[in-house]
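Listed in order, the protein sequences are those of chains A and B. For the first sequence, the residue numbers in our numbering are 130 to 475. For the second sequence, the residue numbers in our numbering are 14 to 342.
Some hints could be false.
To be verified - From the structure, some residues in chain A lie toward chain B, with a derived Cβ separation under 10 Å:
hint : residue
1    : Thr241
2    : Thr250
3    : Gly252
4    : Thr262
5    : Tyr266
6    : Val277
7    : Val430
8    : Ser431
9    : Tyr474
Think of the hints as simulated: they come from the structure by calculation, not from any bench. All C-beta atoms, glycine included, are put in the ideal place defined by N, C-alpha and C.
Residue-level listing of the chains:
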Amino acid sequence: MAGNEGTAGLDAGRLIWIYTQMVRIREFEERVKATFTEHPGVIRGHTHLADGAEASIVGSLAALEPRDQLMATYRCHGYPLALGTPATVMMAEIYGRKTGLCGGYGGSMHLTDPGRGFLGTSGIVGQGIPQATGVAYAAQIRGEGQVVACFFGDGASKQGAFHESLNIASLWTLPIVYVLENNGYNVVTRAEQEDANAAAGEPLAVKAVAYSMPGATVDGGDPVAVYREVAAAVSRARAGEGPTLVESRIYRLSAHGNIIAPPGVPLHFPEHEAVEVFGAPEEYEAAKRGDPVPRMRGTLVSNGTLSPDEAGQIADAARAEMADAVEFALRSPFPDPEAATDFVYA
Amino acid sequence: MARELPYIGAINESLRQEMARDRRVLYFGQNIATTEADPFLAEFGPDRVRTTPISETAEIGMAVGAALAGYRPVVELYMAEFMLVAMDQVVNEAPRLRYMTGGQVTVPLVLKAGYGFTAGWAGQHTGSIYGMFLGVPGLKVALPATPADAKGLLATAVRDDNPVCFFHHYLLTLEPGDVPEGEYLVPFGQAAVRRAGGDVTIVATGWMVGKALAAAERLAAEGVEAEVIDPRTIAPLDTGTILESVAKTGRLVLVDQATRHGSAAAVIAAEVAEGGFGSLRAPIRQVTALDATIPYSQPMEDYVLPDEDKIVTAVREVLGLTAAEPVGG
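Put together the whole structure using the sequences plus the hints.
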């Protein structure tokens, strides 16, 4: 595979699976984004998209076994899709419907599917990191060889929760892989404006040094490269050799989230911060040219893993699947109002 | 069979019994189990008993994660104020995850912390800050006032499928009392009537229960029979027992070591004002700490705290035995 230094042991079926999940995530996020204009008011609050992160998400998850577990952030649509959570119930959750994955209690930021190992998210930056670390502590005690993947962004690596967690994970040799998805922006703040390592021109993975654990930086636009790095970290964790920090460099192709506006103002996605805030459209255009989804398609077609027809079928299937998800969500009922007091206590 | 144990002994016995009963119960926190001589470490081993760094956010966050993964962690926090370092995990994570996932997960954990150490520790280690957690949906709050309740409420906390703040009172640590042997559970949301009486209802929590009982004995010498109620848990709160008592006595004095506007008393007063107004023959009186940080110097510390004299005075007022003093706040 040109540019991918081989396929890291991934066979054609697995590579096609990876590409298919990337396409599904992209199409799902496109449908979510389009909802703001096609069905105004249907999505409430604040929604965060994973477009641009597909290769990183799927490459990471490809390194896990079904018994492994993960936690993520409010930018959470990609993980459960790749794990097999039906797009219908995910879209219904984002649309606030009774049929939603979380019954309409959580919305876009709190997708959770424990049966598939996805134990949840935090809407508060960095605060899921100690929770995932606790899941890894549980895995260590259980002693069955489970590994935990913990996903978070570059902004979260400035939270105390990140530093406290990495210290304990290393000290206790916990079976966890920290995947730092560095998209270069904490909302509208660039990494070099808030991160000493970034300002010094160093990768964020150097933070691992402070906690005596391996750290690596990888091209998050290349799912095979991500897979290779995360798989090595997963192997170490499973072998009882402790945690790893993997910095996956990605570029989010949408703004941080839809606009924050009081009711009465229709919500929509603004331009990416590079364009909207920093006046750097060339940065954004360069990122678009490196879009990981067509990039992976190009790789697989050029090396003969996938024919253009097959690639087209994958795209068509994703479009149909996500159109169904929108239809399902739109025709689903809202929860009964009085259900609002269910689940306060177990 | 009951025998006498100090409050702290009852807590340790309860935790030891729960850990022996259920392998899923974990115990970790700062400065515990640093040598093999630690009795918990010796009995339950290093998987289940661990010392942590001074990292409250990670300690409590990891407890949330371990709970999501099927364990039942008890976090040793020593002092309730240390939870403030990790307020997001306590208030905005642990109690909300079950709800936000539509009931897909449970977060059974116990945050074990002492409070109210008004013995010259000045402003940052002395608060009765349970009011901050009282209004958080999904969180339960236990305030044991006796060694027996300390044992029974902790066992119930460990077995509860929700996050529980188990706040033990530092000034009760060595207080002795009869404690049942073997398995002993005190249900949440069930107040204890510590003393029966028909003239006035006194509701008190934690260290204040003893003060209220002492005040009641002094009042009995004056011919006033006070009913003293200890809610034992303030979330859930047994308003039923309090309303029944007020229906009988028509008078209510609330005693609470928390600051006046951050107390359980304020919530109880509101519940009785709404649900028991017709029974009241006098305004409710709250005997709380003043709205001040706890000062270091003893005369000032004494001044801001509720005490036996203040309780007696408040009871006399609601009974019309002395002129009411201006209400603070």
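For each hint, the structure was consulted:
1. A least Cβ separation of about 4 Å between Thr241(A) and chain B falls short of the 10 Å threshold, and the interface hint therefore holds.
2. The interface hint given for Thr250(A) is met, as the beta carbon of that residue sits about 9 Å from the closest beta carbon of chain B, less than 10 Å.
3. Look at Gly252(A): its Cβ gets to within about 8 Å of chain B, closer than 10 Å, so that hint holds up.
4. With a cut of 10 Å, the hint placing Thr262(A) at the interface with chain B holds, because the nearest CB-to-CB distance is about 5 Å.
5. With its C-beta approaching chain B no nearer than about 5 Å, Tyr266(A) sits inside the 10 Å limit, and its interface hint holds.
6. With its C-beta approaching chain B no nearer than about 8 Å, Val277(A) sits inside the 10 Å limit, and its interface hint holds.
7. Of the supplied interface hints, the one on Val430(A) is violated, with its beta-carbon coming no nearer than about 40 Å to a beta-carbon of chain B, more than 10 Å.
8. Interface restraint check: Ser431(A) against chain B, minimum CB-CB distance 42 Å, threshold 10 Å, status violated.
9. Checking Tyr474(A) against chain B by beta carbon gives a least distance of about 5 Å; that is within 10 Å, so the hint holds.
When each numbered hint is compared with the structure, violations occur for hints 7 and 8.
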